[in-house]
Every structure is written in C-alpha cells, then in structure tokens.
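Residue numbers (our numbering), protein chains in the order written: chain A, 1 to 138; chain B, 1 to 223; chain C, 1 to 401.
Please note that the accuracy of each hint is not assured.
As the list claims (entries may be wrong) - Taking beta-carbon pairs under 10 Å as the criterion, some of the chain C residues facing chain B (in silico):
no. : residue
1   : N11
2   : R13
3   : K15
4   : R18
5   : N310
6   : L363
Unchecked claim - Simulated crosslink set (DSS-like; lysine-lysine; CA at most 30 Å straight-line):
no. : chain 1 : residue 1 : chain 2 : residue 2
7   : C       : K160      : C       : K196
8   : C       : K15       : C       : K297
9   : C       : K160      : C       : K179
10  : C       : K297      : B       : K65
11  : C       : K15       : A       : K68
12  : A       : K72       : C       : K10
13  : C       : K196      : C       : K88
14  : C       : K10       : C       : K297
15  : C       : K297      : B       : K137
16  : A       : K68       : C       : K10
17  : B       : K137      : C       : K2
18  : C       : K196      : C       : K92
19  : C       : K15       : B       : K137
20  : C       : K2        : C       : K15
21  : C       : K179      : C       : K48
22  : B       : K137      : C       : K10
23  : C       : K2        : C       : K297
24  : C       : K196      : C       : K179
Claimed, not checked - Every beta carbon over 10 Å from chain B, so not counted as near; a handful from chain C, in silico:
no. : residue
25  : E72
26  : A259
27  : S308
None of these hints come from the bench; they were simulated from the model. Glycine included, each C-beta is placed from N, C-alpha and C at the ideal position.
So you can see what is in the structure, the chains are spelled out below.
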Amino acid sequence: MKKMRVGARDILLLLIPALLLAGILSVFQPCSPREDGSWMSCHWAGRATAGAAGAMLALSLVRLFVSKDAKKGLDLALIVLSVLAALLPGRLISLCMMRDMRCHTLTAPCAAVLSGLTALAALVDLLLSGGKGRRHEA
Amino acid sequence: MVLRAENVSRRFLRQRKGSNVFYAVRGATLALAPGSLTELTGRSGSGKSTLLNLLAGLLEPTEGKVFLDGTDLYALEDGPRSRLRNQTLGVIPQGQTALGALTVLENVLLPGLLYGLPCPRERGEELLDQVGIAPLKNACPTELSGGELRRLAIARALALRPGILLADEPTGDLDDENTRTVLSLLRRSADEGLAVLLVTHEREAAGYADRHYRMDGGVLTED
Amino acid sequence: MKLERVLPMKNLRRKPARTAALVLLSAFLALSVFGGSVMVLSLRNGLKSYESRLGADIVAVPYQARTKGSFESILLQGIPGMFYMDEKYYNKICAIDGVEAAAPQFYLASTSAGCCSVPVQIIGFDPERDFTVQPWVRERYAGELGDGDIIVGSELTVPKDGTLTFYDTPCRIVAQLGKTGTGLDTAVYTNMSTIKAMMRSAESLGFHYLTDVDPDHAVSAVMIRVAEGYDAEAVTGDINVHVRHVEASAAAAMLSSVAGGLRSVSGVIVLLVAAVWVLAAAVLSIAFALISHERAKEFAVLRVLGASRNMLSRLLLAEAAIVSFSGAAIGASAAALIVFPFGKAISAAMELPYLMPPLGTVLAIGAASLLLSTVAGALSAALSAWRVSRNDAGLLLREGA
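The task is simple: from the sequences and hints, build the whole structure.
Below you can see the structure in the form of structure tokens.
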C-alpha cells in the first residue's frame, strides 16, 4: 500500500469548502427573520448552499483516501457541485428584494467566490494529475 | 593557447590598525603552455590562490599584466573578460562549489547556460562518466561526498572544452585513492593538449607535473 | 535556455517556505494598493453622485425628523424614515424671500415588502412641482408617471410580473433607476396621489402613522431651490427663523459633512496602504539582502565559471521579479475577489456614498497596481543586486573554503 500523501491541493480542496460551510453558517449567513419570526427565501437559499458546501467537504475528505483515478472523478464532482453552490443563492433560490441586504452583499458573493475557488482548485488538480505520472523526476 | 603572467603583483591593505600594505603576490612571471601540467606548491597564505585568481581574470593585479594568447586580460571590461573566462578557462575553485539548487548533471552543464551556448547533455554525461560519478547525475550536490564534489568541479571546468585549466587544491581533503583519480584526470587533460596549472600541497602531485613552481611569501620561483 | 530563466526558478523552488512568504508579502503590496485605490475612488465617485442626486440647495424637514430617522440616513444608508408636517409649513416656506422653487415630498416606509425584514422607503413626489427626482427619472423613463405606477431604485430586484404591492396597493413598475451608490438605490418613487392612496390603505389596515396631521395635507420634506442672487445659507437661516417646527439644512453643509467623512476614511485607507508598503518594502529588502549574503559563495562560483558582474545582479533581480510578479498577480486577483463581489458589503460598512468607477477604470487600476508592485518588489532587491556585483569572487571563495 502506498503512503498517503497530503499535498497543497488536497489541503486547499478541504479548506475552501470548509470555509464556505462555516462562512454561510456564521459571518456570511443570510438575512435574519422578519419581525413575526417567519423566514425569507434567502434563508433557505443559505441552507441549500450550506448543504452543497457540506457535500463538497465530504467529497474532499473522501478524496484523500482513494486511488488517483477516483480522485479525478471526485474532482469533476467537486466542480459540478461548486457550480451548484454558486448558483443556489440568487439564481436557483431567490434572495431578498433589496440588494443591499446581507444575503446580497455577503452570502451570495461568498458562495460565488469560495465555490469558484473550489472549482478552480479542483480543475487545477484534475489537469496536473491527468496524463503521465509526474513523480518520475524530482 | 598560452596564459602568461608578466611580472604581476597584488597588493592588499590589511584591515587591521595602521596602513599596513602587504603583497600577496610580488612580481610573478609564469607561462602556461598547452600540453603541460604546471605544479605550484607553497605553504598556505603564500599567495598561491591569489596568483591563480590573477591568472583567471578574477582579481585585478596592482602591477603587471596577464595575457591570454595576445589579449591583455585586464585591459578588457568585466563583461568581455568574464565571457572569455567562460569560454577559454576552466577553473576548479577551492572547496565545495556545486550549486545546491541544481542536480549534479545540471551543475556540470552550468557554464554553458551563462552565455546561451548550451553544452550538450551527452557531453555532460560523458564527463561525469570520465570522472566516475555518472550514476549520481540526478542526485543533489548535498548527497555527494567531498571527493565526488571535487570530481564534479573538474567535470564542470572541462564542460566547455577550455584551453586552460586552473585547479586550486583539487585534491585537498581527499583520500589517497581519490587523490590519484583526480591527479590522473588532470594529467590526461594536459596530455590531450590543455595547459594545466595545479595548485597543491600534495607531494604525490610532483610525479604528475612537467614543471614545478614554488611560492613563498608572494614570491614565485621555479624549482 | 538562459541562466537567468533557469537558476532563479530553481533557487525559489528549493526554498518553498521562504518563497511562499516572499510571494505573500508582495501580494500584500498589490492587494493594498489595488483595494485601497478602488475604495478611495469609489468614495469620491459616490460623493459626486450624492451631490448630483440631492439636486436641491436646501432641504427642509419637520423638526421631529431628527428622532424619527433623519433625512441623511435615508440618503446615505437607505434607512427608511417617516416624518410629517402640515402642508401649511410648505406654504410658509414658499413665501420666504429667495425661495425660487419648492418641491414637497411624502415619505412612507413599507412593511415587510413581501420579501424582506427591512422596510422599503417609498418617496412620493409631485411631478408638477418636482425638480430633484425627475431629472434622473428621465434618464430611464420618458413617459408620464400615472396613478399606481412606481419607479424603483437600482438595488431592488424587480419581480417577474413587474408589480409590487405596498399596503394592499398593487403598483406597476415602469422603470428602474441607475445606480447612485446612495441610500436612494433601494427606494421606490411614485406620484403623490398613489402614495396618499397607500397611506389611506395603511390606515385601514391599522397602521396609524399620522396622528395629528391630515394625510391629504401632509408633506415629509421640501426640496428648495434658491433664486439667483440669494445665498443658500442665508435663506436656510431665514426658514429656520420664520417657519417654526421645520428644520432646514443647506445642501452644501450636508455635502461637506459627507465629504468630511470621506476624507477621514480615505485618509485611513491611504495611511494603511502606505504602512503596508513601507513595511513590505523593508522586509523584502532585508530578505533579499539575506538571500544574497547566504548565496555569496554561489555567486562567487558563478563568477569563476564566467558570469559577469552584471549577470549576477540580473540573477538576483530576476529572482526578485519572479517573486514580486507572482505575488502581485495573486494580490491583485485577491483584491478583485474582494472589491467586486463584496463591493456592496464594503459600501454598507462605510455608511458613505460608494459608487464603483466603471469597469475599465478598475481594470486599469488593477493593471497599474500589478506593475507598480512588481517594480517595487524588484527594486527592493536592487541594492543587494548592486552589492552582489561588487563582491570579489576570489576573496569570497577563500573565505568560504
């Protein structure tokens, strides 16, 4: 059995979805409830995004323990999930009407930036691990 | 190709109190001819390395001139002089001088990189084979022993097929077997037509040399 | 293959941690200057837009507006305000000497407008008398504003069916205004009769905003234009003296308080950027001095092998340039990932008008920051590079031996 090597890309792919999940649940969470206690749709958008981020994090964890080819598959899945997470707040689930609300100013950009970075990291990993093995030198 | 020093001196100011001027090399005259191995001995601090640096175009003499064939080395600007050194002189400096960021083979090919006239990979491998460290070509210099590093420096000095080889204590801190390997390598280079200067402490070296010089207190005398 | 292209990269790869630290440091150079200048420019841009959107020389509001959400917080932060006075005060203002035109406005805040926990500011104006709102409505909408028609600010999401309902009054969105960077971007504009209808509807729904004023004869604010030859400050004083229960403010004074806030925020930003630059430049210079010192022997070896003095300088400069360029690229990208997506969050935190310059300008600033930081990083190695080229190889090798 080969020794498990955790590289910079593995760490990034764990860290960014973790940040996204933590961010959406804390500092970047959507708007607070209305005065009567009911929630606006941005709350559910935030929940859904957090769910996607959780799934991304789980896949990144699994990535650490599987073969090189399976890693590539998981990279692809991460890219698809990142696109989903970026689209959820605002595109797939509507946010508040006023665009200066938290959900517009914090939640949606945070989802877009962090899932964009996840997709980028997964893409880079996919490209660098593709083709010929790169450990024959060095 | 002949490298000739004419009455060269190098004066230094001591960094101690008082303006104490001393001569590291005083009025040395010497010619290195193709196909011959010249041995230069002397105690440490006698000025051997300074003379070698003067010959290599690395240290400007305070008096006298150094000629490479007809060219006055120190009449040239630093740029052309450096280029000339790169292309005609092979210098083996004292100590461990491999670049840590490069592999053994890359170190040997390094002189070719300086002016974009690459030394072919095959040439590098051939040289490493000649000095007997071919299996280490992809290793890091830190993985090499003192003797291996010295042989690496010789291979590097020969990479661009120089006409003149200047070796500063190439056998210092080597065991007997390695010393013999290095000395015969230098002898072979001289036999192939190079002008070789060997600065050394080694008694054994005398047997390999055609001419013998001694340095004492900056003064050069032929034995 | 040239040495300057090969060796610096290999040297940098050999010490990944140090290289990463230097790259990060250079990243701060670009990040701070790019982010800082976009913020300062956005604030300036915002002030200009605020000035042009205010559109009046004097603004008069009821005295109670002080406590019930001020006019300024509507403008700056988009916090809805509701305050009213009897129309008779409007008439008194009109009678003051030097008042050329006076346009009444009527404010209402929505209850959770079908979506948000925060109410929306609804501003009613009289198209006949208005001179502050319509000039910029015209930029987007040329038609008449009929009853039940509304125009929304740039930061409101227009629902698919194009209608919004306030206090059971369905309204048709006829236009959306351009971005101003002020609190007015989340406001809704309508004519007087529509807003009065909303007010009556609100009363019947049990919201009693007006206790002592008849809604049909109430105004919230009066926008005043001063006749030529009159001093706005003096007219403001006159209004405050002669019309009781009304507080008039000269627009110039309102603007200068915003400008003051802008100056102090910009000052802090400039100071921070300068501090980052001084620190980073110092650390980078020290780092390159240490690197060149540590590599003195390597440089001497290169000299022996035939490198000229200039080549040695170029090697060190190339290493610095690679570090500072990659750092600057990372820093500028990071700044872009902050200023673009989080521009609104920044603007909300500043509580000042904040309007991003056009994309082209921002991209140009980004490119300039990249260039500037790269040059600064490379320059920080200049002294070391010069010193490296002065060293005597022969002497150095003897020391190292």
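Hints and how they fare:
| no. | hint | verdict |
| --- | --- | --- |
| 1 | N11 | holds (5 Å) |
| 2 | R13 | holds (7 Å) |
| 3 | K15 | holds (9 Å) |
| 4 | R18 | violated (13 Å) |
| 5 | N310 | holds (7 Å) |
| 6 | L363 | violated (37 Å) |
| 7 | C:K160 x C:K196 | holds (26 Å) |
| 8 | C:K15 x C:K297 | holds (17 Å) |
| 9 | C:K160 x C:K179 | holds (20 Å) |
| 10 | C:K297 x B:K65 | holds (27 Å) |
| 11 | C:K15 x A:K68 | holds (27 Å) |
| 12 | A:K72 x C:K10 | holds (29 Å) |
| 13 | C:K196 x C:K88 | holds (17 Å) |
| 14 | C:K10 x C:K297 | holds (17 Å) |
| 15 | C:K297 x B:K137 | holds (22 Å) |
| 16 | A:K68 x C:K10 | holds (28 Å) |
| 17 | B:K137 x C:K2 | holds (21 Å) |
| 18 | C:K196 x C:K92 | holds (22 Å) |
| 19 | C:K15 x B:K137 | holds (22 Å) |
| 20 | C:K2 x C:K15 | holds (21 Å) |
| 21 | C:K179 x C:K48 | holds (12 Å) |
| 22 | B:K137 x C:K10 | holds (17 Å) |
| 23 | C:K2 x C:K297 | holds (21 Å) |
| 24 | C:K196 x C:K179 | holds (27 Å) |
| 25 | E72 | holds (62 Å) |
| 26 | A259 | holds (55 Å) |
| 27 | S308 | violated (4 Å) |
Figure legend: structure checked against the earlier numbered hints; hints not met, in rising order: 4, 6, 27.
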